[in-house]
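Colleague: Chain order of the listed sequences is G and C. Every letter in the first sequence is one number past the one before it in our numbering, and letter 194, counting from 1, is 194. Every letter in the second sequence is one number past the one before it in our numbering, and letter 19, counting from 1, is 19.
Just to be clear, a hint being listed does not mean it is correct.
[Said to hold, decoys possible] Straight-line distance between alpha carbons at most 25 Å, and here's what the computed SDA-like set of lysine to any residue pairs gives:
1. K24/G / A10/C
2. K220/C / V18/G
3. K30/C / V196/G
4. K220/C / P115/G
5. K206/G / Y218/C
6. K137/G / L168/G
7. K149/C / A127/C
8. K55/C / N71/G
9. K253/C / G187/G
10. K149/C / M69/G
11. K206/G / E115/C
12. K24/G / L9/C
13. K149/C / V132/G
14. K206/G / T114/C
15. K206/G / V23/G
16. K149/C / V56/G
17. K95/C / A51/C
18. K149/C / Q137/C
19. K55/C / G177/C
20. K55/C / W78/G
21. K24/G / W254/C
22. K24/G / Q40/G
23. K95/C / G187/G
24. K206/G / P104/C
25. K174/C / L37/C
26. K206/G / D67/C
27. K253/C / I179/G
28. K206/G / T23/C
29. K220/C / L11/G
30. K206/G / V213/C
31. K75/G / L97/C
32. K53/C / K87/C
33. K30/C / T202/G
34. K149/C / P115/G
35. K253/C / L22/G
36. K206/G / D41/C
37. K53/C / Q152/C
[What the hints assert, rightly or not] Just so you have them, the derived chain C footprint on chain G, three or more residues with Cβ under 8 Å:
38. 43-50
39. 57-66
40. 131-138
It is worth saying that the hints were derived from the structure and are not from the lab. The model shown is predicted, which means the values in this text are computed figures rather than measured ones. For every residue, glycine included, the Cβ atom is placed at its ideal position computed from N, Cα and C.
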Amino acid sequence: MSVLYRRQIPLVLTVFIVLVVLVKIFIPNPMATYWSVMFQQWSSLATGVSVGLGVVALLSFHVPRIMRMENEPIKFQWFYSISTVAIMLIFIVVGLGLGSNSSQYNWLYNTWYAPISGLICFVSAFYSVTAVYRAFKIRSWEGAALIIPALLIFLYDAPIGPYLFPPLGPIGVYLFSVITASAFRAGLLSVGLGMVFIMIRTVIGKERGYMYEEEM
Amino acid sequence: MAVQNVVALAMLILTCVSIWYSTYRVSQGKIPLIRKLPAMDALEEAIALCAEKGKPAWFPLGAAPIDDPQGTPGHIITLSIMGYTTKFAADMGVKILSGTIRTPLIPMLDDVLTEAYRAHGAPELHALEDIRYFPSQMAYIAGNDTVHKYDQPGCQIMLGVWWAETPAFCEIAKRAGAFIIGGTDYIENVPYLVAFSDYSLVFEELYAASAYVSDDPYLKATIFGEDLMKFLLLALAFIGAIAMAAGFTDFAKWLAM
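If we strip away everything but chain G, and leave its shape as in the complex, we get (with noise of 0.2 Å):
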C-alpha cells in the first residue's frame, strides 16, 4: 500500500497530466483544453494549501524558541521569534481579512516590507562586486581569456571608454554579438534539451528522485 500511495499514484497522475498537456498543444481539442484548464487551477490551489505549510515550517522552528524563551544561538533570540510570528500575524490577519489590495495591506506591505527588500537587494549589489574581483584574479592562461575580454566590456560599458579609445565600440559590440551570443546560445540549447530529457525521463518513471527511493 504504502508503494503504491508514495510512488505509482504520484508517477501515473504525472503521467497523465504530461500527456493531456502534450495533447491540448499538438492535437487541440476541447476537451484536452478544459482539462489542461483544471489542471492548472488545481496547481494553484495546491499552491495556496502549501503556503499554510510553509506557515506551519516557519511556527515549527520559531514556536519552541518562544516558549522556552531561549537566548540560543543569540541573545534574546525568543523575543526575535515572537517578532517574527506577531509580523506574520499582522500580515495574515489583515490580508485575509480586508485583502490584499486594501490600503491597509498596501500601507503595511510598502512600510514595513518594501524598505528592507529594497536593502537587501542593494546589499546584494556589493556581493556582486566582491564577486567580480574574486572572479578578477588571474591564476591560469584560462583566467586570462575571460577576464582581458571582461575588462574591454568594462571600458566599452562606461561612457569614457569609446571616447578615449574609439576602437571598444566596435571591439564591444563584436564581443557582444558573436563571442557572447554564440556561447549564450550553446548554453540555451544544451539547457533546454536537458529539460526536455529529464522531463521525459519523469515521465516514463526513470527520474524518481523527487520521491525517494532506497534503491536509487
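Based on these hints, arrange chain C on the given structure of chain G.
Modeller: For chain C alone, coordinates are given in the frame of chain G:
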C-alpha cells in the same frame, strides 16, 4: 497544425526514439560511460568536512518556482541529488538544513529528507524545523546570512535554478568559509557559481548529475540519447546557417516556437 508544431512534435518523437535506442543498447550490454563530474564526487567530501567539524550541511533550493518551465526539471534533479547526499549525511551523522521560498517544495523536501535518513538508519537527524521557509527572495538572502552566522554550516550545496540571490548566497558562504558546491542551468548566474564554488556544474551537466549518481544503467543511457540529439541539433544549426546565408529564411521560422 502549424508548421512549428509539426517540427516540435517531430523533435519530440525523435527525442523519444533516441531514448529508446539508448536504452536498447543497454539491453544489448552496451552501458555508456559518463565522464567524471568532480562536483558530484565532491558531495561526499563536503559532508565528510561537515562531519569532521561537527557542523550541519546547508542545502538550500533555488528561488525558481516548481511550476516554472525551467524550475521543474531543476528542482526534480536537485531533490534527486539531495536524496543521494543524505545517504552520506546519515552514515556520517550530519544534519542537512535546507531552505526554500516556495511552499510547494516544503512537503517534497521533507519527504526526501525523511525517507533518505530513515532508509539509512538515522531518522533522528531530520525534523521539519530543519527546512527553513523564507517568504521572499530578499528574505532568503538575509536568512542565508543568519544560517551561516548561527548554524555555521560546513558546506553549502547550491544546485538547481538560482536567480538573483546567487551572488549574495555565494559571497556570504565564501566569507563564512563554507565549502561550496554549485550548479545551475540559469545561464546568467553560471559565472557566479563557477567563480565562487569549490566545485561546480554548468549548464546541462546539472541534468546529467542525477544519472551520474544513480546505479540505474537505463538512466545513464538517456545521457547517450541526449548526446545523439545534440549532434542532430548541431546539424540543424549548420544547415540553418547555410539556409539563412542563401536567403531561405523560412527554415528559421519553422524551427521557432
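Colleague: None of the hints should be skipped; say for each whether it holds.
Modeller: Hints and how they fare:
Among the hinted pairs, K24/G with A10/C is consistent with the structure: their alpha-carbon atoms are about 16 Å apart, no more than 25 Å. With a C-alpha separation of about 23 Å, the suggested pairing of K220/C with V18/G holds against the 25 Å cut-off. A C-alpha spacing of about 24 Å is found between K30/C and V196/G, which places the hinted pair at or below 25 Å, so the restraint holds. Among the hinted pairs, K220/C with P115/G is inconsistent with the structure: their alpha-carbon atoms are about 48 Å apart, more than 25 Å.
Restraint check for K206/G and Y218/C: the C-alpha separation of about 8 Å stays at or below 25 Å, so the hint holds. The suggested pairing of K137/G with L168/G holds, with an alpha-carbon distance near 23 Å, which does not exceed 25 Å. For the suggested pair K149/C and A127/C, the alpha carbons sit about 21 Å apart, so the restraint of at most 25 Å is met. As the CA atoms of K55/C and N71/G are separated by approximately 20 Å, the hinted pair is consistent with the 25 Å bound.
Taken as a hint, the K253/C and G187/G pair is honoured in the structure, with Cα atoms around 21 Å apart against an allowance of 25 Å. Of the supplied pair hints, the one linking K149/C and M69/G holds, its CA atoms being roughly 20 Å apart against a limit of 25 Å. Between K206/G and E115/C, the direct Cα distance comes to roughly 19 Å. Compliance with the 25 Å bound is thereby established for this hinted pair. For the proposed pair K24/G and L9/C, the alpha carbon gap of about 12 Å is at most 25 Å, so the pair holds.
Taking the CA atoms of K149/C and V132/G, the gap is about 23 Å. The hint holds against a cut of 25 Å. A distance of roughly 21 Å separates the Cα atoms of K206/G and T114/C; the hinted pair therefore holds under the 25 Å criterion. This hinted pair checks out: K206/G and V23/G have alpha carbons roughly 22 Å apart, not beyond 25 Å. With a CA separation close to 24 Å, the supplied pair K149/C and V56/G stays within the 25 Å bound.
For the proposed pair K95/C and A51/C, the alpha carbon gap of about 9 Å is at most 25 Å, so the pair holds. With a C-alpha separation of about 19 Å, the suggested pairing of K149/C with Q137/C holds against the 25 Å cut-off. Among the hinted pairs, K55/C with G177/C is consistent with the structure: their alpha-carbon atoms are about 12 Å apart, no more than 25 Å. A hinted pair counts as satisfied when its Cα atoms are at most 25 Å apart, and K55/C with W78/G qualifies at roughly 23 Å.
About 20 Å separates the Cα atoms of K24/G and W254/C, which keeps this hinted pair within 25 Å; it holds. Between K24/G and Q40/G the CA atoms are separated by roughly 13 Å; this keeps the pair inside 25 Å, and the hint holds. Our distance criterion of 25 Å between C-alpha atoms is broken by K95/C and G187/G, whose separation comes to about 35 Å. Restraint check for K206/G and P104/C: the C-alpha separation of about 22 Å stays at or below 25 Å, so the hint holds.
Of the pairs offered as hints, the one joining K174/C and L37/C holds, with about 22 Å between alpha carbons and a cut-off of 25 Å not exceeded. For the hint pairing K206/G with D67/C, the CA-to-CA distance comes to about 20 Å; that is within 25 Å, so the pair holds. Distance hint between K253/C and I179/G is fulfilled; the C-alpha atoms sit about 24 Å from each other, no more than 25 Å. This hinted pair checks out: K206/G and T23/C have alpha carbons roughly 11 Å apart, not beyond 25 Å.
A C-alpha spacing of about 20 Å is found between K220/C and L11/G, which places the hinted pair at or below 25 Å, so the restraint holds. Simply put, K206/G and V213/C have alpha-carbon atoms about 13 Å apart, close enough for the 25 Å limit, and the pair holds. At most 25 Å may separate the alpha-carbon atoms for a hinted pair to count; K75/G and L97/C meet this at roughly 22 Å. For the hint linking K53/C to K87/C, the alpha-carbon distance of about 18 Å falls within 25 Å, and the restraint holds.
Distance restraint check for K30/C and T202/G: the Cα-Cα separation of roughly 23 Å lies within the 25 Å cut-off, and the hinted pair is therefore satisfied. Straight-line distance between C-alpha atoms of K149/C and P115/G comes to about 23 Å, which keeps the hinted pair within the 25 Å bound. A hinted pair counts as satisfied when its Cα atoms are at most 25 Å apart, and K253/C with L22/G qualifies at roughly 21 Å. Among the hinted pairs, K206/G with D41/C is consistent with the structure: their alpha-carbon atoms are about 22 Å apart, no more than 25 Å.
Under the criterion of a C-alpha separation no larger than 25 Å, the hint pairing K53/C with Q152/C is consistent with the structure, at around 10 Å. Coverage of the stretch 43-50 of chain G by chain C holds in this model, with 4 residues showing a Cβ closer than 8 Å to a Cβ of that chain against a need of three. Look at the stretch 57-66 of chain G against chain C: 5 of its residues bring a Cβ nearer than 8 Å to a Cβ of that chain, three or more, so the hint holds. A stretch counts as covered by a chain when three or more of its residues have a beta carbon under 8 Å from one of that chain; for the stretch 131-138 of chain G and chain C the count is 3, and the coverage holds.
In summary, the structure is inconsistent with hints 4, 23 from the numbered list given earlier, while agreeing with the others.
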